[in-house]
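K.L.:
Spelled out from the first residue to the last, the chains are:
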Amino acid sequence: MEDVKEMTADVKKNIEEKKPLKKVLVICARGTLEDVYAALIMANGALSEGKEAKMFFTFFGLDAITKAKADHLHTATVGNPAFMRSLPTMVGGLPGFEALASHMMKQEMDKLDIPPVTEFLEMIEAGGGEIYACKLAADMFHIKKEDLVDEVKDIITVGQMYDLAEGDGVQIIYV
Amino acid sequence: MAQLEVNTFMIDVNDEGYFTDPSQWTSEIAKELADREGISLTDKHYEVLEFLRAKHHEGVPLSIRKVGKSGIVDIKQFYALFPGGPLKVSSKIAGIPKPVSCV
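Quick mapping for you: the protein sequence lines, in order, are chains H and U.
Note that the numbering used here has the first sequence beginning at 556, numbered continuously upward.
Note that the numbering used here has the second sequence beginning at 79, numbered continuously upward.
Incorrect hints may have been included.
[Said to hold, decoys possible] Simulated pairs of lysine-lysine, DSBU-like, Cα-Cα distance not exceeding 35 Å:
(1) K109(U) - K624(H)
(2) K577(H) - K122(U)
(3) K700(H) - K133(U)
(4) K661(H) - K147(U)
If you're looking for bench data, these hints aren't it; they were derived computationally from the structure.
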């Protein structure tokens with residue numbers, strides 16, 4: 556019974572001593588429009604709340620920081636049951652449909668003052684955020700530093716990525 | 079509703095310290111509020127504050143991006159002027175409600 560009392564006191568103490576979030580490391584491994592935006596919004600949101608933010612792009616996430624692709628990301632219209640439920644899957648596979656759907660989604664986002672990907676990356680850098688690319692994925696896709704947008708600070712290993720998350724009050728977010 | 083004493087004025091604020099009545103704002107009050115945030119206001123700060131107040135008055139939802147496109151400061155300068163969450167901190171000093179934008 557004493558133990559339980561002590562434990563409860565501990566829990567209470569932890570809640571009372573609010574431990575603030577100080578930094579996020581957002582890992583983006585996906586190259587679809589909605590996943591990339593989720594990662595960008597979370598990193599930028601942390602900065603605008605006065606927290607630190609680091610971003611690490613890997614695998615298809617590299618598309619989001621590749622000069623030639625960053626502003627041309629698509630949303631999946633096939634194999635995405637949440638997309639236009641009433642639409643038969645086959646229609647989503649028609650030529651040009653994915654591009655059209657992605658274009659429409661970008662228009663809607665623009666109305667909400669959500670910037671294009673390259674501008675978003677600029678905003679994150681301007682806010683003190685740091686952007687990194689994954690070395691293994693870059694090697695795999697034969698991507699070099701010059702293929703990536705200027706905001707990319709470096710191409711780093713997974714070990715160096717964990718170094719970015721050092722300190723108190725840090726959370727790692729994986730997209 | 080809470081009240082905040084600034085110099086000799088009593089200001090109506092919410093629990094987070096944001097003005098509930100922007101008309102109670104004066105530049106002297108802004109100076110005092112900024113001091114409490116550890117910021118000493120320059121002309122540039124005031125330009126940003128006036129911009130925020132004008133946009134709020136027009137009913138335009140504010141975002142860091144909009145301030146960056148205002149022609150007054152770029153985003154980097156905005157972060158430098160109001161450290162610790164630029165739009166939140168500047169809105170508080172500008173006497174307008176807390177911004178609700180996610181971008």
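K.L.:
Each hint needs a verdict: does it hold in this structure or not?
P.N.:
Structure-based check of each hint:
no.	hint	in the structure
1	K109(U) - K624(H)	violated, 46 Å
2	K577(H) - K122(U)	holds, 28 Å
3	K700(H) - K133(U)	violated, 40 Å
4	K661(H) - K147(U)	holds, 20 Å
The structure fails to meet hints 1, 3 from the earlier list, while all remaining hints are met.
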